[in-house]
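Participant: Given next are the chains, with one letter for each unit.
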Amino acid sequence: MTVAFFLNEKTPYVGDTSNVLLDWLIIIGGFTLLLGVVSILRVSAQAIQRKKEGWPFKIATIASVLVMAIPSLLPVSWSPLFGRFEGSIYDWVFVNLQAPMMATMFATLAFYIASAAFRAFRARTAEATLLLLTATIVMFWRVPIGEAFLNLFPGDLPYFINKFIMNGANLAVQRGIIIGAALGAAALSLRIILGIERTYMGRG
Amino acid sequence: MSFWKKFNDMDRRWVYLMVAVTVIIPFLIPMKFPVSVSPEARNFFNAVDSLPDSSVVMLVFDYYPSTIAECEPMAIAGAYHLFKKHCKIITLSNIPYGGPSMAESVTRRIAAELGKEYGKDFVNLGYKYGYVSVLKGMGVSIESIFPTDNRGTPLSELPLMNTVKNYEQVKFVFEIADNATADYWVSIVNAGYGVPMGVGCTAVMAPKFYAFYGAGQIVGLLGGMKGAAEYEILLEKPGTAFRGMDIQSLVHFLIIGLVIMGNIGYFVTKRGKRKTL
Chain R
379 MTVAFFLNEK TPYVGDTSNV LLDWLIIIGG FTLLLGVVSI LRVSAQAIQR KKEGWPFKIA
439 TIASVLVMAI PSLLPVSWSP LFGRFEGSIY DWVFVNLQAP MMATMFATLA FYIASAAFRA
499 FRARTAEATL LLLTATIVMF WRVPIGEAFL NLFPGDLPYF INKFIMNGAN LAVQRGIIIG
559 AALGAAALSL RIILGIERTY MGRG
Chain S
17 MSFWKKFNDM DRRWVYLMVA VTVIIPFLIP MKFPVSVSPE ARNFFNAVDS LPDSSVVMLV
77 FDYYPSTIAE CEPMAIAGAY HLFKKHCKII TLSNIPYGGP SMAESVTRRI AAELGKEYGK
137 DFVNLGYKYG YVSVLKGMGV SIESIFPTDN RGTPLSELPL MNTVKNYEQV KFVFEIADNA
197 TADYWVSIVN AGYGVPMGVG CTAVMAPKFY AFYGAGQIVG LLGGMKGAAE YEILLEKPGT
257 AFRGMDIQSL VHFLIIGLVI MGNIGYFVTK RGKRKTL
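Residue numbers (my numbering), protein chains in the order written: chain R, 379 to 582; chain S, 17 to 293.
These are computed hints drawn from the structure, not numbers from a lab.
The reader is advised that the hints may include incorrect statements.
A partial selection of chain R residues facing chain S, derived with a Cβ cut-off under 10 angstroms [claimed, not checked]:
| id | residue |
| --- | --- |
| 1 | Tyr391 |
| 2 | Ile405 |
| 3 | Met517 |
| 4 | Asn548 |
All C-beta atoms in this analysis are idealised placements derived from N, C-alpha and C, irrespective of residue type, glycine included.
Let the hints inform the model, and build the full structure from the sequences given.
Facilitator: As structure tokens, then:
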């Protein structure tokens with residue numbers, strides 16, 4: 379597959395072999411999802427049986443998995459409540475419970491970030507001051523009222539931030555991180571392929 | 017105890033209350049702050065706008081319901097723009113958690129508004145496990161990866177999919193993501209097959225995508241709710257992102273105010289301690 383990545387799919391043998399492997403990858407991946415469902419049901423059932431700490435939550439986990447999974451897997455021809463489309467149990471639970479709950483969890487971050495920024499953002503050192511100033515300027519720039527405020531100063535500050543902070547310093551640092559991470563991943567893959575790295579198998 | 021000491025030791029629940037009030041006020045009294053458009057959003061819009069009529073575009077829903085506030089306005093604006101231009105939309109998702117449902121609800125709502133027909137003007141392929149395999153496999157044959165659409169209809173029965181076999185027929189990828197799948201669209205679909213693409217992502221992800229934008233691998237970038245609001249402005253159809261900018265503006269100002277006050281308090285109390293020594 380690595381060879382096929384750099385070649386055209388129409389290359390004899392390479393393209394066909396790569397496609398067969400891709401199909402296998404998807405099939406195996408499908409089974410891993412099933413394994414995940416079975417695993418969470420098993421672990422939760424065991425916790426309930428042994429009355430482990432927080433076991434009532436495990437009942438909620440099992441109930442949630444079953445309520446979402448069973449009606450969505452049953453054929454729509456039996457009832458419009460089955461399947462995964464508008465009017466089904468799955469869709470109703472997703473739209474009215476799951477999506478709002480997930481969005482709420484994410485939205486609470488705003489409260490924690492405000493509190494954490496207030497407590498942790500202190501100009502204790504030169505580096506911290508630089509970070510604090512940059513963060514403040516970018517936060518101003520990212521919202522309309524802040525941009526209007528920046529425009530009160532001489533020079534085109536919003537343009538400067540876009541050009542020299544986001545498309546300048548930020549871009550350079552992000553490239554460094556992306557290239558560094560890619561080289562690290564390639565090196566680790568090589569170590570695994572060559573049998574040098576065995577910690578993933580529980581060996582040193 | 018001095019005012020600054022008290023301020024710095026303020027219970028965090030007061031901060032939570034201030035954030036809550038700041039969020040609620042713009043809901044009740046819309047302020048409609050003017051939103052300026054960044055070059056990244058303008059380039060994205062222009063790239064979509066310059067597509068020939070009836071072009072096939074992939075609109076990708078790679079976001080979880082948790083980031084619906086930031087990502088869905090982009091999806092709505094994107095679908096509206098593409099349908100208005102009579103483009104043919106293929107939606108799909110590389111995340112198992114609700115992506116196909118969100119694609120279904122957004123496209124069908126806008127299609128009904130603009131009189132578009134499922135199967136002819138748009139198709140929802142749904143979700144398939146393994147984004148690397150899916151993205152690579154679609155380069156050879158979309159049908160081999162998605163034999164049926166999200167509702168189980170064979171692709172051969174959908175008129176749109178009879179003309180689209182792989183990326184060769186796809187003119188643009190409109191990727192909306194809140195996770196690393198967007199990187200793979202860039203490295204596999206853009207780099208491997210040369211399909212032009214634009215990325216709409218959450219605000220925290222946006223700094224990373226400036227690297228791809230700078231390299232010309234993506235033609236445009238929509239960062240967070242501001243990016244979505246910019247697209248809505250360009251589309252002359254202000255929606256939820258535009259309204260959300262009022263809230264985001266005030267919350268940003270509150271946080272900046274708290275940080276500045278916190279730092280003043282820090283230095284004042286530090287100087288006070290030095291004097292007492």
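Participant: Hint by hint, say whether it matches the structure.
Facilitator: Going down the list of hints, with the structure as the test:
1. Tyr391: The hint is violated - Tyr391 (chain R) has no Cβ within 10 angstroms of chain S, the shortest such distance being about 14 angstroms.
2. Ile405: 9 angstroms, holds
3. Met517: With Cβ-Cβ at 5 angstroms, under 10 angstroms, it holds.
4. Asn548: Holds. Min distance 5 angstroms.
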